[in-house]
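Taken in sequence, the protein lines are chains A and B. Numbering of the first sequence is given in the numbering used here, commencing with residue 2 and proceeding in unit increments. Numbering of the second sequence is given in the numbering used here, commencing with residue 2 and proceeding in unit increments.
Mixed in with the good hints there might be a few duds.
Because identical chains share one entry, a pair is satisfied inside a single copy or across any pair of copies.
[Unchecked claim] Here are the computed lysine-lysine pairs in the PhoX-like style, where the Cα-Cα straight-line distance is at most 20 Å:
1. Lys42 with Lys174
2. Lys174 with Lys412
3. Lys272 with Lys174
4. Lys169 with Lys403
5. Lys152 with Lys174
6. Lys391 with Lys363
7. Lys345 with Lys364
8. Lys174 with Lys403
9. Lys300 with Lys201
10. Lys209 with Lys367
11. Lys412 with Lys182
12. Lys293 with Lys169
13. Lys367 with Lys314
14. Lys158 with Lys201
15. Lys367 with Lys120
16. Lys152 with Lys201
Rather than coming from a laboratory, the hints here were simulated on the basis of the structure. For clarity, every value in this text was computed on a predicted model and none was experimentally measured.
Number of protein chains: 2
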Amino acid sequence: MTKRWTLLTQFSITTNTQTMKDMLGREDVLTLENAKELLFKSVHFKLLPEVEIEINNSLNKVLSRDIISPEDLPDFTRSTMDGFAVNSSDTFGATEGLPAYLNITGEVLMGKQPALEVKKGETAKIATGGMLPIGADAVVMLEHTNLVSEKLVEVLKPVSPGENTIQKGEDCKINEVVLNKGQRIRPQDIGVLAGIGITKIWTYEKPKVALITTGDEIVPASHPLMPGQVRDINSHTLSGLVEIHGGSAIEKGIFPDRYDVLHKAVEDSFKEADIVVITGGSSVGTKDITAKVINNIGKPGILFHGVSIKPGKPIIVGIVNEKPVFGLPGHPAAVIVCFEVFVKPVLRILSGETEKLHHRLKKTVKAKLSKNISSSAGREDYIRVFLEEKNGELWATPILGKSGLITTIVKADGTIVIPLRKTGLEQGTEVEMELF
Amino acid sequence: MTKRWTLLTQFSITTNTQTMKDMLGREDVLTLENAKELLFKSVHFKLLPEVEIEINNSLNKVLSRDIISPEDLPDFTRSTMDGFAVNSSDTFGATEGLPAYLNITGEVLMGKQPALEVKKGETAKIATGGMLPIGADAVVMLEHTNLVSEKLVEVLKPVSPGENTIQKGEDCKINEVVLNKGQRIRPQDIGVLAGIGITKIWTYEKPKVALITTGDEIVPASHPLMPGQVRDINSHTLSGLVEIHGGSAIEKGIFPDRYDVLHKAVEDSFKEADIVVITGGSSVGTKDITAKVINNIGKPGILFHGVSIKPGKPIIVGIVNEKPVFGLPGHPAAVIVCFEVFVKPVLRILSGETEKLHHRLKKTVKAKLSKNISSSAGREDYIRVFLEEKNGELWATPILGKSGLITTIVKADGTIVIPLRKTGLEQGTEVEMELF
């Protein structure tokens, strides 16, 4: 067992309280806005390895190359209705009182090139999806016709050229860029790839996120507990969050609060991972070890140390040899807030995903606050809330628990933020809640 | 190749246009509200098989049993600060001017049961997460102390009983229900399971969704195209949608528009799947085949046939031997809208997930409409839009393309709905857009 106190004592003896507060960043920390700006200008996408995959396994992956259509979609002009393929000029002026009469010369078989040609005064039966025969440029809907006999049809309404058809190449044209490099693949994107006959695509490998847990008191979830021990919660939560947001988690394990051990664990992690996340050690001694490791492993080291948010204030963020590293406080609620605010956007950048407007939009709902909440001016407070519906209105109820409790997050449906300059929110205020 | 026209012709000859419209449900269809009500009162969760899995593979799965904590979390009272474990009564009345003096008798090692006991007038050093020694009931923060010597500390502020600690069982108590049956597992839920030492859980197997594509003109994505043929787009899109919404897709393949073939395919699908989705065949002949198959395979058969939405109007929904079956029109945009409106909520019910308020909340944003859009009264119009930011405002631009085009959905960021009784929306109107 490490004596965290060795370090604690040094601080306590060599500094007075006020100075120590500053050294720990407890009084003089960055605002969230400044911290994010500093981080995001330091993080750039560097090429991840590419991998070719089947489109059926490509959901949520990021395209590493533009997709250029090898053909027109559709490859021929199709009918969008059941009816009659016509030369539109034959129908001009047709009405119920004065229909146009067309000779039926045959029908279009589905999935076949029509053998017939539609000449002036002629028509062919066609179903939705059928290929327009030569000579036809439009389709009259079945509902706008009357069959006089097997060979003759009355057209009751005119159609304009192209009406009730999808033109060759109307969905996409040969050599057109259909999907862009940097796009995260959705179900409809897989659909269009199938439509143009592309069944394999090049994607970026997922960014790898190494998860390091520190703490002499932490044991794996599967372990029996000895007095004074607690189980590792955070690496499991983080692993799920990394997976949801497009990364691949590497669980490095639990390490004691010792400089040499943590140094080696972080150094090893950088060899295989694109992002390193260290959790635990919000206490003086451990925080100091994490900070020292980050500064000693590579340049530039720590970007900032402490941000005016709650929970999550003691966060450490650094860049080591162009790779981001996060030292998160050990409290479960702080881990979730810090992930959301700092790690998730970095993970998105490193995944190669092109910034799109709608990625910045959060899943939020408006609700009314069911209780007063107080906050300190000078920090952004992330309050966990659960939602209820009363008389057709949504109400958000704050869950007031210590940030060290995982169950406060389990009971929550999301969070609301009390901004920097506010000292609280009154019951009944409309708040924007971000859903988990 | 089937002659869809055999059926088409029968209709055309034996009915006049007006009656046929009614038979096809083109004039007289259910409103969306009525259709949903009819469907949801007919669909009930029936027990899916259970499967025991590791918590590390449990993200997004649905719990099939309540989780009851086998122990207190934490299992002992812990410090949430670095400082001094004290008997709080020793600190009452302490100020900077008149501090309380306490004798330091030792320190608490992390992850160990403290060997010492804190008697009146005594204290022990403790770090965040450390176990409170016998006799101590609170922690004084390091910042509120001054070390006089290695053996003596000044306490500058009083603490109340329990202050700066997490009590034994405060996160959750032994035998408490921590997670409920029917809950879909999030990262923080995996965290709490790890925290109470549960590494394996019972979950429901995912509902199986059989996907059947019909159409004589449809070929697999990997096939070269002959004139008149198009590739299967919808089964790929649907497969992705099913996966996202917690189901397991079984791609049954592409079948020609023949009654006997489709009957066998649907019958086979019901043997292995919990939901059957048939796409293609929005045309008269095929629609008739799909309807006939659904009615002949089991009871009660078709619930409704045609709904006042666009795209998606010709949808067929049925229940066969207590399993839901959907006949979706073949247009890619219609497939996505019908999935969202009908299939997705049914998939959620059949997955065993307990209805929670926040599941009903959609991911929406408010934006201004950049163009006028017209619509017909008497139907709900699902308009595909893309988002732009201009001068700090969000603008939604309609993508006006035929519902048969997949690229309109690929270009879209989401949809807006024009309600039943509106005939359009004006440029500049604030709309609620649902993000894809």
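These are the hints, each one checked on the structure:
1. Lys42 with Lys174: neither (38 Å within a copy, 45 Å between copies)
2. Lys174 with Lys412: between (51 Å within a copy, 15 Å between copies)
3. Lys272 with Lys174: This pair counts as neither: shortest intra-copy Cα distance 44 Å, inter-copy 41 Å.
4. Lys169 with Lys403: Between copies, since 14 Å is at most 20 Å while 63 Å is not.
5. Lys152 with Lys174: neither (37 Å within a copy, 82 Å between copies)
6. Lys391 with Lys363: between (24 Å within a copy, 18 Å between copies)
7. Lys345 with Lys364: Answer is both: 14 Å inside a copy and 18 Å across each meet the 20 Å cutoff.
8. Lys174 with Lys403: So Lys174 and Lys403 pass the 20 Å test across copies only (16 Å; inside, 58 Å).
9. Lys300 with Lys201: neither (40 Å within a copy, 42 Å between copies)
10. Lys209 with Lys367: neither (35 Å within a copy, 35 Å between copies)
11. Lys412 with Lys182: Answer is between; shortest inter-copy Cα gap is 14 Å, intra-copy 39 Å.
12. Lys293 with Lys169: neither (64 Å within a copy, 33 Å between copies)
13. Lys367 with Lys314: neither (27 Å within a copy, 32 Å between copies)
14. Lys158 with Lys201: neither (46 Å within a copy, 67 Å between copies)
15. Lys367 with Lys120: Answer is neither; intra-copy 62 Å and inter-copy 52 Å both fail.
16. Lys152 with Lys201: Neither: 48 Å inside a copy, 71 Å across copies.
Hints 1, 3, 5, 9, 10, 12, 13, 14, 15 and 16 from the earlier list are contradicted by this structure; the remaining hints agree with it.
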